[in-house]
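Work out the full structure: start from the sequences and follow the hints.
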Amino acid sequence: MAKHLFIFIAFLLASFSVMSATESHDSQTVRLTRKKTIPQNEQNPPHRSPDTTIEAYLDGYTLTFDASCIGCPLTLVDEEENIVYATIIDNTGIVELPDTLSGIFELQIIRGNITFVGEIEL
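For the sequence shown, the working numbering assigns the number 1 to the initial residue and increments by one for each residue that follows.
It is worth saying that the hints were derived from the structure and are not from the lab.
This one's a predicted model, so the numbers in the text were calculated from it and none came from an experiment.
For every residue, glycine included, the Cβ atom is placed at its ideal position computed from N, Cα and C.
Hints are all accurate, no fakes.
Derived DEER-like restraints, expressed as beta-carbon distance ranges: (1) Asn113 <-> Asp26: 32 to 38 Å; (2) Ala86 <-> Gly112: 15 to 21 Å; (3) Asp59 <-> Asn113: 27 to 33 Å.
Below you can see the structure in the form of structure tokens.
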């Protein structure tokens, strides 16, 4: 009985330490939604597809994307609609943003003929 009680208490303590580590971690999920479709010419009409989203993970100044975003242009736009950062997502799917940025930004990703947008705070 004492062994079971010890295991139960150890499990509870481990759970609390995991919860406190998760709460102190500064990461967030960023959901990007479809903004607009880039017009195509008459010979290549736009395809109808269901709306999709992209999820990225922001941890400090590090953005992580899944494989579907590799090779896609990424742009950060400030509240005055100025482009403050632009890059191409490389084959790691990880983008290190400059640590000199602070504030709220619109994150834009172009995948194919679709622009996805979301908001991040640095």
